[in-house]
Amino acid sequence: MTTEAGSTAAAADDVKQRDEYFDALVAAGECVEPRDWLPDGYRRMVLRQIAQHAHSEIIGMQPEGSWLTRAPSLHRKAALLAKVQDEAGHGLYLYAAAETLGVTRAELLDALHNGHQRSSDTFNQPALTWADTGAIAWLTDGAAVINQAPLCRTSYGPYARAMQRVCQEETFHVRQGYDLLWSLCRGTREQQEMAQDAVDRWWLPAVALMFGPPDTVEGGDGDTRAAALGAAVSRRSMAWGIKRHTNDELRQRFIDNVVPQAERLGVTLPDPAIRWNEERGHYDFTPVTWQVYRTAVAAGAQCGRQRLAHRVAAHEAGAWVRAAADAYAARPVTERQEP
Amino acid sequence: MTSELPTATPGAPAGTRNHDIAEYALRLGDDALILCQRLCAWVTNAPTIEEDLALSNIALDLLGHARVLLGLSGRSDGTNRSDDEFAYRRTEREFRNTLLVELPSGDFAATIARQLAYTHYTSLLYAELAASADEGLASFASRAAKEAEYHCMHASQWTVRLGLGTEESHRRMQAGLEHVWPYAAELFEADDLTTRLDTDGTAVAPARLRADWEREVTRVLTEAGLTVPAPSWEATGGRSGIHTEAFAPLLAEFQSVFRQYPGGNW
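Top to bottom, those sequences are chains A and B.
With my numbering, you'll find the first sequence wraps up at 339, consecutive numbering, no jumps.
With my numbering, you'll find the second sequence wraps up at 605, consecutive numbering, no jumps.
Keep in mind that the hints were calculated from the coordinates and are not lab data.
Incorrect hints may have been included.
[What the hints assert, rightly or not] Covered stretches of chain A, as calculated for chain B (at least 3 residues, CB under 8 angstroms):
| no. | region |
| --- | --- |
| 1 | 56 to 64 |
| 2 | 68 to 77 |
| 3 | 82 to 96 |
| 4 | 188 to 199 |
[As the list claims (entries may be wrong)] With the C-beta cut set under 8 angstroms, the calculated list includes, among others, these residues of chain A facing chain B:
| no. | residue |
| --- | --- |
| 5 | Ser183 |
| 6 | His310 |
| 7 | Ala314 |
| 8 | Arg322 |
| 9 | Ala323 |
| 10 | Ala327 |
Even for Gly, the Cβ is constructed at its ideal location relative to N, Cα and C.
For reference, chain B alone in the conformation it holds in the complex (with noise of 0.2 angstroms):
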């Protein structure tokens, strides 16, 4: 199957070293880019004036993520792509993020469910990339957990609050939850490029993560008063270009201005 799909970073061959870091980079930047994207969708719509400017912010640090991860693939590639390159001129196929950060935001609950599920995952993520045998993604990373633990902090003080507080809350936060568990899964799917990688140290197997990611959820969802979900099933594809349909639309959206001008200068 993987085969047959475009390939996302054609610089580098495959198997190679900087191949895996590009791609790996491209992943963890298309997660941080297409959230971001769904995060800008709430801004004049959010609950409170607070929220609208969290929500920005949020999504501020991820495009900052996204923007490092998508150069460091441009130059672990070969191809020497910019940040931008990268955003506008690929196709739906060739975008590596999760389906659970494409996902419509839904309600607010539903937004903060995703926000925790991601959040814990990058905090824990970065935390431990850090440490990295690659000079650009420890770099990276070590700027880039700070960001993720505030992120996390505000996901999971909302996630207490509307558990905790009214029932009409409690019902739509655990709704949430049940909804965006299921692509939660997918953040830590493990193929050979992470292996390969997480044995030479430039990365992290995402599966080392799950135990301590489980662990972290459980005690604010327990705090909360909420039931950590148990999927009967997990989401797969976006890591290989197989996204939802509502990416299509989200991409046309992202890219129309730049595309409706070709050869314009921004």
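Looking at chain A on its own, in the form it has when it is part of the complex (with noise of 0.2 angstroms):
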């Protein structure tokens, strides 16, 4: 009884040794790698991040793949299939960083495709013209990059190094969407009104769903307990290292970089509060609320319903050709020739 219980407290002090070593590591800006003990919800909390990231690639795929047939001109054609395939690309790399915690792809998309876990609410609307490329491109990627270049300097060694490729490539993303849009600005009147559109129904999706909802409790629009809980996870998140900013100061970040670009591109943002802070240095903004994030990811909910059955439809369809290959790779390696 007695060695059990100083056993006990042995390892209870192993464990507050480790905890105080992995803390002080993070806090040094060190990155720390699969083979190192990680806290359970250091663990859990980094996994859940890559893992929703690896997804958002995947199904950000949908609303600009969808036009590939239809690309206006080879050179567009050429621009998106890069694009899109750099997606699948960027999906490959963090599913890659994801299975160094432990779990395999085949978990993660069984996870994604019953629900347990999702995708970035921002490509749960539909690409309804060419232009939604463009906007995709600018807006939701060049919110991407805002979020991500700060991810390659996180904690966990496997998700920065992926971040720093997928940085490198996101950007380049955004040029283009800039580029595909100021085209269309410098068209026919019917293009710049597609243009307009298209900007109009992204913007939403990318200030708000991109960054996530707000991370302070104050703002005082009735939810506080959820507010709560997801200020406190962003507070750990950052504590962790995980996440070096928070989702407001990210957002403010965006929306300064974005708004003289939509200026010299002839669009106007859909946000009648935009104007210049002199006082603050930043631009003002219609705030994104509780209420205001709530409202955007339950629109939707719809196509993101849509978004998740394609995907499930492509991967059950695609079981006979993964069965195969299993199959194939399970021969003695005498029966394998490579033709």
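Work from the hints to combine the two standalone chains into their complex.
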């Protein structure tokens, strides 16, 4: 009895020491690697974030992918093919990073398909016209770059390294989207209208959904419990160096970037509150409250179901192909001749 | 029959070498362009993320081939039409692609069967064309040959995996082969134009590639435990603009945005 109590105390000391060591490591800005001991909470949090990010890349291929067959010039067709291909690649890097935390890609995809894990709500909007491919790349990829640039220094090594590659490509996508809209804005009246309409529809998904809910408790929109929980998760994530900035900080950075770009393009951003605030040195805009956030999420629910159904249908239709590849790989090497 | 068809290459006088090169480049360019279009539709629908990536990558290469070849056609026929003008301003009857590449893709096995037939043909063709007497064709082919070889490896490896994988994959792969094989014949169709260009060292008479092609695909199919189909008929028509009914919807989709916004700036 005495011995057991003693070893429990020793174990508790051990855990405390490991926790302290881990926190000190992260606080010193060191990267954590898969072979390092990780607190369970950290492992869960980083896995949840990488998985959601990977799922978003894969689901995010759909709105633009649906325009591949209709791109109005061969140059744009090539750029869009390259972009959608990059997104598949990002999905692969990120699933590989997640696998270092002890799950398989098949398990992660199952979790996406059965609703246990989610992709970003941003892509739960229909891509209605060609201009949407430009607005998605300019606004949502633009938001992604702001979100993701700090993740190149996130505390989990495999995630940080994946993000360094992802960010380089995303930056290029933003330019492609901007360039596409630039052409439309300098085209016929119908093209300009198409561009404006797409910007109107993709603005809130980018501003609200790419950055997530507000992470401040104040605001008093009557949803303080969710807000407090969200703020606590955000604080924990920042303490562990997974996130580097709050959602609202990143949102402001995005607005500051994108307003002058919109002016140069000649499109109007659908937020009448946008104006330069000399005192703050930032653009003011309509705050994304919990209510705004929830409304934006709810608006995508129907399309979100369609995105998931598309993904599940493709996965199920391909089951026999994956089974064949597995069966072939399981054959003795002598029977597997590469043609 | 041929004289009643719309002229795909109106600039250069028929029968001249430039006209021949323009028409030849158009045939090869349209093959690449239309197969690219079919592969585009696989993206987000493939059985694995790796295949979403591989098929979009191959589609992108094919698009690159098409753009060079269509541009070459426009320069050779004297009209100076751009790749976009060829892709977006022609009607169904003016396209010169084989029926093989426009067929609806079917399941993954049928897609791989078509890739197997087409990529073995292009890797042989481009390797030969790299020595073409025409500088434009030679320079195109020497670059495209390397990419075609990769496309060929992709198709061959999947053919073997599906052939030897499971009972279902074997059955589907064989069915895919049976479906596309009659259409592969059109790749090897010869006419006066290919004879003239072959004689002066500009192009490769398709029939000259056929024996090599049959040997190569037979080797892959044998390794895959599949049977080389022996079709009772051979498709024809694409090279003279007589397409399948699946082609008009394909083209309508391809050109829809461009045609919806006349005078547009893209």
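Ala323 (chain A) as an interface hint toward chain B, with CB separation required under 8 angstroms:
Holds. Min distance 5 angstroms.
At a threshold of 8 angstroms, is the proposed contact between Ser183 (chain A) and chain B supported by beta-carbon distances?
holds (5 angstroms)
Coverage of the region 82 to 96 of chain A by chain B, judged on three or more residues with CB within 8 angstroms
With 8 residues close enough to chain B, the hint holds.
Given Ala314 (chain A) as an interface hint, is its Cβ closer than 8 angstroms to any Cβ of chain B?
holds (5 angstroms)
With a cut-off of 8 angstroms on the beta carbons, see whether Arg322 (chain A) makes it to chain B.
This hint holds: Arg322 (chain A) lies near chain B, its Cβ roughly 6 angstroms from the closest one there, short of 8 angstroms.
Status of the hint placing His310 (chain A) at chain B (closest C-beta pair under 8 angstroms)
Nearest chain B Cβ about 7 angstroms off; hint holds.
Examine the region 56 to 64 of chain A: at least three residues should have C-beta closer than 8 angstroms to a C-beta of chain B.
holds (count 3)
Apply the coverage criterion to the region 188 to 199 of chain A and chain B: a residue qualifies when its Cβ sits closer than 8 angstroms to a Cβ of the chain, and three qualifying residues are needed.
Since 4 is at least three, the answer is holds.
Does Ala327 (chain A) meet its interface restraint, that is, does its C-beta lie within less than 8 angstroms of any C-beta in chain B?
holds (5 angstroms)
Taking a Cβ-Cβ distance under 8 angstroms as contact, does the region 68 to 77 of chain A have three or more residues in contact with chain B?
Holds: 10 residues of the region 68 to 77 of chain A have a Cβ under 8 angstroms from chain B.
Of the numbered hints listed earlier, not one is contradicted by the structure.
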